[in-house]
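Asks: Okay, here's what each chain looks like letter by letter:
Number of protein chains: 2
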Amino acid sequence: MKNILLTIVLALFSASMFAQSDSAFIRKVYDEALENGESYENLRYLCKNIGNRITGSAEAEMAVYWGKQLLESYGFDKVFLQEINVPHWERGTKEAAWLVDEQGKFLKINILALGGSVGTSGLLEKNLLIVKTLGDLKKLDKADVLGKIVYLGEAFDAKNIRTFDSYGQCGAQRWEGPSVAANMGASGLVIRSLGSEIDDYPHTGSFGREDGVQPIPCAAISTADSDKLEDWAKRSKLKIRMEMDCRWYDDAISYNVIGEMTGKKSDEIISWGGHLDSWDVGEGAHDDGAGIAHSIEALRILKVLGYRPNHTLRCVLFMNEENGNFGGKGYAEQAFKDGEKHIAALESDRGGFLPLGFDIEGNENQISLVQDNSKVLQKHFQLYTFKAGYSGVDIHPLKEYYPDMVQLGLAINSQLYFNYHHTEADVFEAVNQRELELGCAAMAAMVYLLDQHLN
Amino acid sequence: MKNILLTIVLALFSASMFAQSDSAFIRKVYDEALENGESYENLRYLCKNIGNRITGSAEAEMAVYWGKQLLESYGFDKVFLQEINVPHWERGTKEAAWLVDEQGKFLKINILALGGSVGTSGLLEKNLLIVKTLGDLKKLDKADVLGKIVYLGEAFDAKNIRTFDSYGQCGAQRWEGPSVAANMGASGLVIRSLGSEIDDYPHTGSFGREDGVQPIPCAAISTADSDKLEDWAKRSKLKIRMEMDCRWYDDAISYNVIGEMTGKKSDEIISWGGHLDSWDVGEGAHDDGAGIAHSIEALRILKVLGYRPNHTLRCVLFMNEENGNFGGKGYAEQAFKDGEKHIAALESDRGGFLPLGFDIEGNENQISLVQDNSKVLQKHFQLYTFKAGYSGVDIHPLKEYYPDMVQLGLAINSQLYFNYHHTEADVFEAVNQRELELGCAAMAAMVYLLDQHLN
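Chains as they are written, first to last, in numbering that gives the first Met the number 0: chain A, 0 to 454; chain B, 0 to 454.
One chain only, chain A, in its complex shape (with noise of 0.2 Å):
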């Protein structure tokens, strides 16, 4: 009995001690975020002296330079690039769209070309379907789409409290509508955009492409003018005229790049990063560039608070998120060929607004495990939520090749993201600077808590 009391009090003094130096360790963190930080002039570099970053163009390029040598300049004890092929697409340099109606009154409105679509060869007008969902689109006869451009209407439910809820779920016309409607006879498609606000940016993003299916012009209508357009239809048949000249180009070299602390075990890896290709449109502010700023930004704090890791810590700007993910698989292929023992990953890639805690991928003694260890980050540092939920597109390919690692993905006010989200809205302005850092001390605590507490 006398031993177990003694070992129940050695345990609570142990447990005590350790979240005692957890928090004060973690408000390092926080006061050198908050008070010194550097994201957000990272960021601001990467918006404005960059621009945006799609995978083949000479932005991109210039963004791998600027991570390098950013992560040199920290003094890393590891620098390296990682070279993957990535797809080269271009929006080029005509985009235009009109709605016709019986009377030949006509409307210009706002369209971006879906990354990866054909273009149009000229000016294409056909008559316009209108379809409010992908499901409906599948129960129609082939005959009725055959030569017509389709028109995919469904719209975000506002009810969802979590934007990314309807995100998923009316995602579907942007992901499969491509080779449904191509599969259907259609001579093109357009969808209303993956946006939770009226407004007049339309949102563009990658759809998956099938092998044997002939691609057709595939575009985003904002939904101020998808309103519009379904306003419209009430009263008239309508045809739509379209031109767009975007296009594929061979496949170019890129890199993931890569800062490191080696650890006391340094053969044990705990990876984090976000993704540094971005949309072609907008500055990727939100996405990812707040991503990077974050991640960038966490390993820059480890360092200078002198931090000695138990596990090698690595930052890793990912390349190519948005159209292949060819940096996350990659990067997994290339660890698992380097015989690599991955332990955990952390991925940032849900904007720079407020962090709220993580979303946690493990079995059930990993999530309690970072549940009970971040108990820490719910008493003094204003983050609330660890569940089990999805951690990251970067990261996921990890996992099938280490299935027994723990993978955390930041969790971060969803309610304006989808206002920005592969928009030209997605500038550097419509980042917080404090929300920014206040990620940064998140994700630097989080990495600090798993290689403190995992084994």
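Just so you know, these hints were derived from the structure itself, not from any lab.
Given the structure is predicted, the values throughout are model-derived calculations rather than measurements.
The C-beta atom is built at its ideal place from N, Cα and C for all residues, glycine as well.
Derived DSS-like pairs: lysine-lysine, alpha-carbon spacing no greater than 25 Å straight-line:
1. B:67 <-> B:340
2. A:233 <-> A:107
3. A:67 <-> A:77
4. A:138 <-> A:233
5. A:158 <-> B:302
6. B:374 <-> A:386
7. B:340 <-> B:302
8. B:233 <-> B:104
9. A:374 <-> B:378
10. B:386 <-> A:386
11. A:378 <-> B:378
12. B:328 <-> B:77
13. A:67 <-> A:340
14. A:137 <-> A:236
15. A:378 <-> B:374
16. B:138 <-> B:233
17. B:158 <-> A:378
18. B:158 <-> A:27
19. B:378 <-> A:386
20. A:158 <-> B:378
21. B:141 <-> B:233
22. B:227 <-> B:125
23. A:374 <-> B:374
24. B:158 <-> A:302
25. A:158 <-> B:374
26. B:386 <-> A:378
27. B:340 <-> B:263
28. B:27 <-> A:158
29. A:93 <-> A:238
30. A:398 <-> A:386
31. A:302 <-> A:263
32. A:263 <-> A:27
33. A:236 <-> A:125
34. A:374 <-> B:158
35. B:386 <-> A:374
36. B:378 <-> B:27
37. B:131 <-> B:227
Sample of chain B residues lacking proximity to chain A, with all beta carbon distances greater than 10 Å (derived):
38. 91
39. 234
40. 387
For chain A, the structure is supplied; the task is to place chain B on it using the hints.
Replies: Here is chain B on its own, set in the frame of chain A:
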């Protein structure tokens, strides 16, 4: 034993029934707020069709007129005005200041008279005494202060995660600075704005006025100009030239605006509100148009859902929070005079950003009761924090008359609040529709939970 088991089973069953019915009802609350919400258009109307609304202004009276009309349009059981005396101060038309160095080089700086300041009677030129904090000022000899204009330059501490903590820390330079400086013989006071961001917007606000102390002109300087001032002061003694023609008028008559749904126990009252007045710059959108929009919408939602309250539910649009709190005091006095029984009150006065939960003022049992019944909000409705904490200025006077009541303040993401607070930047466009709507739903949900579970 059987009886005990039965009791436990029944208790569990009934708790789960409650929770289930709470969850189902609150889901309807959120659906109504997010899909059919009127809060955003109400806020637009208040901001754009009325504007800022300090007591004594025509706009404040238009806000009363609007509030009563709007509450009446919703068909609540009672809508009534409650007369109160309010102060009447006006900024006037002259407000300018220049720094002047020893070489006569000068710089126009952005200032706002603090609310309640006296004017300068023309152009006032004085030597500037640079002091970092109010504590430092108090340590000086009166002879060093006499005849000078004091500059108090305590900045927001970026290290506090909650910006309200920083406001509390450096706030004394506004609240107490004017009377301390006047008592020491200063000819005026200028302070670094109580703002979290470096920008060109000065932040006004109220301060304590001591009887028998000759008032002096007091103004806030934008944080960007405060940085410049502190920089110039390193190289040169400085003078300041300033003119303000703000002044006091006789008290005016104004009103709290109250809407009520009468409960089954009609003599027990749950009140909630925000404040209808604002400072005389910007549009009072976050402070506190958002709280007004939250409060009205909460009652509208309960009414539209056909909710039959147990207690009498009252939405109060308090007048005069900003410079006197005579609305809050008047409401409490009247309640006590009328022999009303107030069991709970809620306030929203921290902006229209993402709601995170509620801060609770009450005894341990009340805090536990709120926490227990809020689990449904944590589980299903992305609210996170339910801790002991400050409720709000408007409802606080009630606590003096009803010390046994429980009071709650809507807790909101505070990161951006002090970029807008009491400035020209606090306009409708700074409020996001979904975040505002989530605040409305949180208020309605908490009113419902209190009405259901408070005895």
